[in-house]
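J.: Now for the letters of each chain:
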Amino acid sequence: MPSVAFTRNLQRHVACPPCVVAGGTVRESLEAAFGLYPQVRSYVLDEHGALRFHMAVYVDGVPIADRRGLSDPVPDSGEIYVMQALSGG
Amino acid sequence: MADQLLVSTRKGLFSARRKGGSWELEAVSFLGDNVTLSMIDPRDGAWYAALDHGHFGAKLHRSRDRGATWQEVGVPAYPTPPEGHLEKDFLGREIPWRLIRFWSLAPGLASQPGLLWAGTVPGGLFWSEDCGDSWHLVEALWHMPERRKWAGGGADAPGIHSICVDPRDGNRVVIAVSSGGVWHTQDLGKTWSAHTEGMRADYAPPELVSAPESQDPHRMVQCPGAPDSWWIQHHNGIFRSTDNALSWTEIVDVRPSVFGFPVVVHPRDPDTAWFIPAIKDERRIPAEGQVVVNRTRDGGRTFETLRRGLPQAWAYDLVYRHALDLDASGEHLAFGSTTGSVWISENQGDDWSTLAEHLPPVHAVCFA
Numbered sequence: 001m002p003s004v005a006f007t008r009n010l011q012r013h014v015a016c017p018p019c020v021v022a023g024g025t026v027r028e029s030l031e032a033a034f035g036l037y038p039q040v041r042s043y044v045l046d047e048h049g050a051l052r053f054h055m056a057v058y059v060d061g062v063p064i065a066d067r068r069g070l071s072d073p074v075p076d077s078g079e080i081y082v083m084q085a086l087s088g089g
Numbered sequence: 001m002a003d004q005l006l007v008s009t010r011k012g013l014f015s016a017r018r019k020g021g022s023w024e025l026e027a028v029s030f031l032g033d034n035v036t037l038s039m040i041d042p043r044d045g046a047w048y049a050a051l052d053h054g055h056f057g058a059k060l061h062r063s064r065d066r067g068a069t070w071q072e073v074g075v076p077a078y079p080t081p082p083e084g085h086l087e088k089d090f091l092g093r094e095i096p097w098r099l100i101r102f103w104s105l106a107p108g109l110a111s112q113p114g115l116l117w118a119g120t121v122p123g124g125l126f127w128s129e130d131c132g133d134s135w136h137l138v139e140a141l142w143h144m145p146e147r148r149k150w151a152g153g154g155a156d157a158p159g160i161h162s163i164c165v166d167p168r169d170g171n172r173v174v175i176a177v178s179s180g181g182v183w184h185t186q187d188l189g190k191t192w193s194a195h196t197e198g199m200r201a202d203y204a205p206p207e208l209v210s211a212p213e214s215q216d217p218h219r220m221v222q223c224p225g226a227p228d229s230w231w232i233q234h235h236n237g238i239f240r241s242t243d244n245a246l247s248w249t250e251i252v253d254v255r256p257s258v259f260g261f262p263v264v265v266h267p268r269d270p271d272t273a274w275f276i277p278a279i280k281d282e283r284r285i286p287a288e289g290q291v292v293v294n295r296t297r298d299g300g301r302t303f304e305t306l307r308r309g310l311p312q313a314w315a316y317d318l319v320y321r322h323a324l325d326l327d328a329s330g331e332h333l334a335f336g337s338t339t340g341s342v343w344i345s346e347n348q349g350d351d352w353s354t355l356a357e358h359l360p361p362v363h364a365v366c367f368a
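Here the protein sequences come in this chain order: A and B. If you read the first sequence in the numbering used here, its first letter stands for residue 1, the second for the next number, and so on. If you read the second sequence in the numbering used here, its first letter stands for residue 1, the second for the next number, and so on.
Next up, chain A with everything else stripped away, as it sits in the complex (with noise of 0.2 Å):
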C-alpha cells in the first residue's frame, strides 16, 4: 500500500505524521490520508480540490503531473511526498 509523508513545515500547523493507506492514484491516496487528517485537506488543496499553487506532490520522487485531478497512478508500495513547491527564494 502507498505511504503518505508530509514536509514537517505544515506539520507546524497540524498533526499529519506519515502514514500507509490504500489507493491506486494520488487523489485516492491524498483523500484516505485526509480520512486520517481532515484538517490537512485544506492546507494541501483549494477549495476546488485542486493543489494549491505553491504546493508539490511527488510520486517516487516524480512530481505529479495532474495537479487539479490528482489522477497519477501510484504503485501499490509508492512512496507519496507532500511538500512547499520553492518560491520565494
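Bear in mind the hints are in silico, worked out from the structure with no lab data behind them. Among the hints, a few may not be true.
[Claimed, not checked] Restraint ranges, calculated between C-beta atoms of paired labels, are given here:
#1 A:Arg67 x B:Pro113: 38 to 44 Å
#2 B:Tyr316 x A:Ser71: 48 to 54 Å
#3 B:Pro361 x A:Arg67: 29 to 35 Å
#4 B:Phe90 x A:Asp76: 50 to 56 Å
[Said to hold, decoys possible] Facing chain B, according to a computed beta carbon distance under 7 Å, are these residues of chain A, among others:
#5 Tyr43
#6 Asp46
#7 Glu47
#8 His48
#9 Arg52
#10 His54
#11 Met55
#12 Gln84
Just so we're clear, the structure is a prediction, and the values are computed from it rather than from any experiment. No residue lacks a Cβ here, since even glycine has one placed at the ideal position from N, Cα and C.
Got chain A; can you put chain B on it based on the hints?
T.: Chain B in isolation, oriented as in the chain A frame:
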C-alpha cells in the same frame, strides 16, 4: 476605554494591554505566521485572527479566552466555476475563483448573534451564522454582472476591505471594494446597488472617471452614533457623505496630503475623523519623512496635523488601511506601520506614545 489592543503583523498576532496607565505588549500568538487581520467581536468577546500561510492558504482562528488558546474554524469557499470558464478583469488579468485572502471581518448586530461577514480577495463577500464555523457566499453579489468590472487595486485581484452593518437595521450592509466602488444592500445581500455619486477617479480613462466600478475607496467607515454620516479615504482623496452613503462630497486642500489608506470616525460625533496622510502612487511614504495624523473636528472644513510624540525626521512608516483604530470611547487611537512601529494616543491624537518600534510589518490593529 479600551484596555486591550491586537496588532496583526507579517509574523504573528501581538496583544498589548493597558497596565498602570501605560500600554505594554504582553503576548504573541502565531509567531512566525502571517496574520493579515484580526477582529474582536463586541457581542461575545471572541477574538478572530485571519492568517495567510501562503503555501497552505488562508485560515481563520477563533479564541474565546483572549488569545490563550485558539481553534481553527472554517474558511469561505468560492464556487466551482462553470467548465471552461476563465474570468478576467477589465484589464485582461485572470480572476481566480478561489479564496486568496481575508480582507475584512465584521460582526452582525447584537440582535444577530453568531452572524459574521467576511470580505475577501478576489471579491467574494461571505456570511456565517455560526461564529465562523461555516461560511456562505453572497451569491447575488458574486454573480452580479457589474462585479466583473472590478479590478485589483490594493491587491492583484479585487477585494472587499470595508463592511459596514447599519446599526439601525442589520439587513442593511454597505461594502467598499478596491477597486470597485461602494455597494449597498437593503435585504441582507439579496440585491445590490452602487452609490458613488460625487466620487472621481482621476487615474481612470476620462470616460470612466465617474463610473462606480472605477472608484478605489481605500477604507470606508460609518459613524455608529450618527449612521447617515460616512467617511472614505479614497485613492483620489477624502470623501464624505451625510445622506447615508448615497452621495459623496470631496474634501480638498488637505495638507500635507489628501492621499492615504485608513480613516476612523468618532463613535458619536460624525464631524470628527482621523486620517494618516502619505505621498501617493509610486512613492507611498510620509511627506517629508514625518509621521503625522490628520484630524478634522468640523466635517472636513479644517484639519489639524497631529505630530506630538511621533517621529518627525527620517521616518518612512506607511500605515495600511486596517492599521488605524479608535476605541468605542472615542478617546484611544492606535496605529501600526509597515516598518513595525505602533503608536497609541489616549487623548484623540493630541499626544502619542510608542508601543513598539521593532515589530514585523503591521497589517492591522484593533481595540477590544
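J.: Okay, which hints does this one fail, numbers in order?
T.: Of the numbered hints, all hold.
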